[in-house]
Amino acid sequence: MIEARERIRTYIVENFLFGDDRGLEDSTSFLDSGIIDSTGILELIGFLEESFALKVADDELVPENLDSIDCLVRFMALKKGAMTAGETGC
Amino acid sequence: MLIHQFLENSASRTPDKGALIHGGKRATYSRLDRSANFLANWLLQCGMQPGGRVLMLLENGEEYVISYYATLKAGMVAVPLSPETRSEALQQIMMSTTPQVVIASTKGEKALREISPPPASLIAAVLTDPTSSWQERPFPALAFGTLVAEEERAPALAIDPSSLASIIFTSGSTGTPKGVMLSHANIVANSESIIRSLELTEADRQMVVLPFFYVMGSSLLNTHIAVGGSLVINNTFAYPASVLKQMAEEEVTGFSGVPSTYAHLLHRSPLKAYRDKLPALRYCSQAGGHMARQIKEELLTVLPRHTRLYVMYGATEASARLSLVPPERLADKIDSIGVPIPGVTMKIVDASGRELPDGETGELVAAGANIMSGYWNDTQSTAAVLSPAGYHTGDLGYRDSEGYFYLLGRRDHQLKVGGHRINPQEIEDALIASGLLIEVAVLGLEDSLSGHRLVAVGVPVNGSVTEIQIKERCLKHLPRFKVPSEVLLVAALPKNSNGKIALSEIREKIELFRAR
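The listed protein sequences correspond, in order, to chains A and B. Residue numbering for the first sequence follows our numbering, beginning at 643 and increasing consecutively. Residue numbering for the second sequence follows our numbering, beginning at 4 and increasing consecutively.
Keep in mind that the hints are not guaranteed to be accurate.
Stated by the list, open to error - Here are the simulated lysine-lysine pairs, DSBU-like style, with alpha carbons at most 35 Å apart:
no.	chain 1	residue 1	chain 2	residue 2
1	A	Lys722	B	Lys248
2	B	Lys248	A	Lys697
3	B	Lys503	A	Lys721
4	B	Lys512	B	Lys280
5	B	Lys110	A	Lys721
6	B	Lys512	B	Lys498
7	A	Lys721	B	Lys485
Claimed, not checked - Which residues of chain B face chain A? A few of them, derived with a C-beta cut under 7 Å, are:
no.	residue
8	Pro53
9	Gly54
10	Lys110
11	Tyr242
12	Pro243
13	Ser245
14	Gln249
15	Ala251
16	Ala494
17	Ala495
18	Pro497
19	Asn499
20	Lys503
No wet-lab data here; the hints were simulated from the structure. Here the structure is a predicted model, which means the values were calculated and not measured. For glycine and all other residues, C-beta sits at the position ideal for the given N, C-alpha and C.
Make the full structure from the sequences, and use the hints.
Structure below.
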């Protein structure tokens, strides 16, 4: 999942922070920090679905799955079946 | 009657009732009222004069509510803005409104730090979570937490109901934002009218996803505080599934949104699966712009059977709302903006101001105690929209024989394509009716041959939708000259902080794309 973490991070830095990654920790909340707004969240989901060949279901659109790099990596690991449900969550 | 008396009356009636629910925090009426008293007294003690402006850069939350009512109790004017206002716009608004105190959250503080020089009027900044050194500034910065205490008495002031209560800057999707001046009397009149129209009572619990700094959010706050209801605040509508879950858990009775809110609920949330999980949801209301018929019809099939859908129409200049469609008439008046709410009159006039008979198209003019006194420091714009007849909305429409009003688009949004005059709203509706798009905006790009060339930018319902499919379906609803020459498909449309589609940003993106 290291590769996934790096790809997500690069996408966010390039598309929402214009190359400046100061202040973006893996645990930073996208919404609270203002890094990504609600429009950006939809763009991010589009990127995940296209890049990692997965489908984000409507009932999975919750901050626990999507609101930080850590959350995204854990959520995707669960989707890929690499982790058990008990190990997920932020 | 004054706006803050809504809070005072409810606090005296039901002091221990929960007024706000936000995450794990709950604030009672008594706590909100007493905290607002303390802050109001502090505002006066720190040297502010009645009529002075308090600029608020806050998200929805307890701090917002306390700051808003404290400002009003102190006889001052609340100027609420998005905490994500860019520093250039913030500088302009600060120079124009010359606030004496700014109250800001972490996000608001970022923009505030870039203001240079700050207006000389500024006495203090109050920060919910001070993150940087403010010592080099000519005004002191205090932590909001140091000003939170409970005090029984509000300042003893005689405030005239006609005095200015709030300046709300319009979203400015086109042109420079204008500061709408609303008095206590304006907001009280509109709040009471909405309470009657929606039959709000102290049993109501509203899920709030719209920002309080936006006039519709402000109206949700005042109406629910007035009836002694509860507001459930959720600032994460970007994740709609979490909002629905909380709506079920908190047993909310009401939900309000703008068109994009409902487009996302329909297409990007498990709303259908919640049909049986929202037994308390009494109504949903929609305002903030035209919503396509397709979305209304789908909502009527997806919302719980007992949930009523109120389609409303309003403007910041009208304190919030002007008309609504009674839910029992929605099916046969689905394209209408309804009839005026109590205390409001509406008519259709021609260019000379003469009232037109039913069925004829002209400009919609509204009058009532809720209409603003004008735009802040802008007599020219004020004179352009206010006349003895009332507020000239800039919306074109007509009235049917039963008194229901219908809108056909903005007067200044009409496009000329070839020899035809085209209303983008009609084309957007046809595109949504294709069933292939979640939301869409239609723009006219300058074209040397035809005047304008129609371009649509839309979000497809899934990845397999193509431009050709959309155009083919459009031809079923539109003549060929109205079908956009180009349909660009994107993952999301840019929105302003109120959730409305930001046309100017879309136009910039298209031009940037073309330049590449």
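Tested hints:
1. With a C-alpha separation of about 25 Å, the suggested pair A:Lys722 and B:Lys248 falls inside the 35 Å cut-off, and the hint holds.
2. Using a Cα cut-off of 35 Å, the hinted pair B:Lys248 and A:Lys697 holds, with the two alpha carbons roughly 21 Å apart.
3. At roughly 33 Å between alpha-carbon atoms, B:Lys503 and A:Lys721 fall within 35 Å of each other, so this suggested pair holds.
4. Of the pairs offered as hints, the one joining B:Lys512 and B:Lys280 is violated, with about 41 Å between alpha carbons and a cut-off of 35 Å exceeded.
5. Simply put, B:Lys110 and A:Lys721 have alpha-carbon atoms about 33 Å apart, close enough for the 35 Å limit, and the pair holds.
6. Between B:Lys512 and B:Lys498 the CA atoms are separated by roughly 13 Å; this keeps the pair inside 35 Å, and the hint holds.
7. Simply put, A:Lys721 and B:Lys485 have alpha-carbon atoms about 44 Å apart, too far for the 35 Å limit, and the pair is violated.
8. Look at B:Pro53: its Cβ only gets to about 34 Å from chain A, farther than 7 Å, so that hint breaks.
9. Below 7 Å, beta-carbon pairs count as interface contacts, and B:Gly54 has none with chain A, the closest being about 33 Å; its hint is therefore violated.
10. With a least beta-carbon distance of about 5 Å to chain A, the hint placing B:Lys110 at the interface is held under the 7 Å criterion.
11. Restraint check, B:Tyr242 versus chain A: the minimum CB separation of about 5 Å is within 7 Å; hint holds.
12. Interface hint at B:Pro243: satisfied, since its Cβ lies 6 Å from the closest Cβ of chain A, which is below the 7 Å cut-off.
13. Among the interface hints, the one on B:Ser245 holds; its C-beta lies about 4 Å from the nearest C-beta in chain A, closer than the 7 Å criterion.
14. With its C-beta approaching chain A no nearer than about 10 Å, B:Gln249 sits outside the 7 Å limit, and its interface hint is violated.
15. Violation of the interface hint for B:Ala251 is found here, the shortest Cβ-Cβ separation to chain A being roughly 12 Å, above the 7 Å cut-off.
16. A distance limit of 7 Å between C-beta atoms decides the matter here; for B:Ala494 the minimum to chain A is near 4 Å, and the interface restraint holds.
17. The beta carbon of B:Ala495 comes within 4 Å of a beta carbon in chain A, closer than 7 Å, and the hint placing it at the interface holds.
18. The closest approach between the C-beta of B:Pro497 and any C-beta of chain A is roughly 6 Å, which is under the 7 Å cut-off, so the hint is satisfied.
19. The closest approach between the C-beta of B:Asn499 and any C-beta of chain A is roughly 10 Å, which is over the 7 Å cut-off, so the hint fails.
20. Violation of the interface hint for B:Lys503 is found here, the shortest Cβ-Cβ separation to chain A being roughly 12 Å, above the 7 Å cut-off.
Violation of the numbered hints given earlier is confined to hints 4, 7, 8, 9, 14, 15, 19 and 20; the remaining hints are satisfied by the structure.
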